[in-house]
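Trainee: Single-letter residue listing:
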Amino acid sequence: MSGSRNVGPALVYLGLLGFMLTIWMALIEAPSMGDDWNAPESYRILFVHVPFAWVSFSGFALLFGGSLSWYIKRSERGWRFAIIGAQLGLLYSLGVLISGPIWGAAEWGVPWDFQDIRLNSFAVLAGVALFFALGEMNSEDTQQKRDTLSSVGIFGFGLVPLTYMATRWWQERHPGPLIGGGNEDSGVDPSILLIWMIGAASMQILFVGQALMTNRLLKTEQQLENLLSNLEDSI
Amino acid sequence: MNDMLALATAYLALIALLIGHSIQTSRRLKLVEERLAAALAANERRSKNRNDGEPMQLTTMTNNVDFQEE
Numbered sequence: 000m001s002g003s004r005n006v007g008p009a010l011v012y013l014g015l016l017g018f019m020l021t022i023w024m025a026l027i028e029a030p031s032m033g034d035d036w037n038a039p040e041s042y043r044i045l046f047v048h049v050p051f052a053w054v055s056f057s058g059f060a061l062l063f064g065g066s067l068s069w070y071i072k073r074s075e076r077g078w079r080f081a082i083i084g085a086q087l088g089l090l091y092s093l094g095v096l097i098s099g100p101i102w103g104a105a106e107w108g109v110p111w112d113f114q115d116i117r118l119n120s121f122a123v124l125a126g127v128a129l130f131f132a133l134g135e136m137n138s139e140d141t142q143q144k145r146d147t148l149s150s151v152g153i154f155g156f157g158l159v160p161l162t163y164m165a166t167r168w169w170q171e172r173h174p175g176p177l178i179g180g181g182n183e184d185s186g187v188d189p190s191i192l193l194i195w196m197i198g199a200a201s202m203q204i205l206f207v208g209q210a211l212m213t214n215r216l217l218k219t220e221q222q223l224e225n226l227l228s229n230l231e232d233s234i
Numbered sequence: 000m001n002d003m004l005a006l007a008t009a010y011l012a013l014i015a016l017l018i019g020h021s022i023q024t025s026r027r028l029k030l031v032e033e034r035l036a037a038a039l040a041a042n043e044r045r046s047k048n049r050n051d052g053e054p055m056q057l058t059t060m061t062n063n064v065d066f067q068e069e
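First to last, the protein sequences are chains A and B.
In terms of numbering that gives the first Met the number 0, the first sequence has 6 at position 7, counting the first letter as 1, and numbering is strictly consecutive.
In terms of numbering that gives the first Met the number 0, the second sequence has 59 at position 60, counting the first letter as 1, and numbering is strictly consecutive.
Everything labelled a hint here was simulated from the structure, so no lab data went into it.
Do not rely on the hints blindly, as some may be mistaken.
A partial selection of chain A residues facing chain B, derived with a Cβ cut-off under 10 Å [claimed, not checked]:
| hint | residue |
| --- | --- |
| 1 | L15 |
| 2 | V47 |
| 3 | F56 |
| 4 | S57 |
| 5 | D115 |
| 6 | N119 |
| 7 | G208 |
| 8 | Q209 |
Covered by chain A, according to a simulated footprint, are these stretches of chain B (three or more residues, beta-carbon under 8 Å) [unchecked claim]:
| hint | segment |
| --- | --- |
| 9 | 5-13 |
| 10 | 16-23 |
| 11 | 33-47 |
All residues carry an ideal CB built from backbone N, CA and C; glycine is no exception.
Please model the entire structure based on the sequences and the hints provided.
Mentor: Encoded structure:
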């Protein structure tokens, strides 16, 4: 039992270690960019910005699956997964929304572009996770609340394919797809790809560890609430 | 924005975000587990005081803790 309790923190430590390794590789191992970039050093932000974005979609997928599971099966586990998905989706999308505008300010000269569909659809997606997380935390736990938030989680997931395809359909300012883009601009230097993959794997491990810890936290809170409720009833 | 300043700001912000979230989650978990342990102990003491001849009361109540789990 204590072994399984330690899996979450162990994965968190491992993921954080991998994240620090990614940063070290981005600073030391990644190739330098030429003068055709406005900010040839800030491009190293992208070694963590991109994995943050990939892993945020794991959070949105968990939010969608959990919401669906609650809506269809009234599953307590599904509801917990939806909460975990919203919280972690928000955490990783916050990482994207912090690092992206900083890089944009250095490279483009502006932190944001309201004409760019990718930027704005991702921001709305983060807003969905924020709405769910705040709504879950700040109101009484009723079935109506769960149904309302679940429907937000289910329909909000529709923004995921839109966000993914946005740079393929309407590329404005955000760079186009470098991996699996299917055009002549696709493709990336193998050393850059390696750092991205290490970053993505590390953050995915971190995500799983955080999800396990948050799941334990939510279960313990529920146990405490039930126990206190029983105590009150017996007085 | 200055090139190196942007790089340093972004990295520091992301490191703080991830480490801060991990510390906050583990603190919350520790706090809730301590509260649960204290509530269980209080429940046990109360049951002993009230039901000298009925030790099943505690078992029944603590089993109810998981009643909503699958």
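Trainee: Give me the numbers of the hints this structure contradicts, sorted from smallest to largest.
Mentor: Numbers 3, 4, 5 and 6, in rising order.
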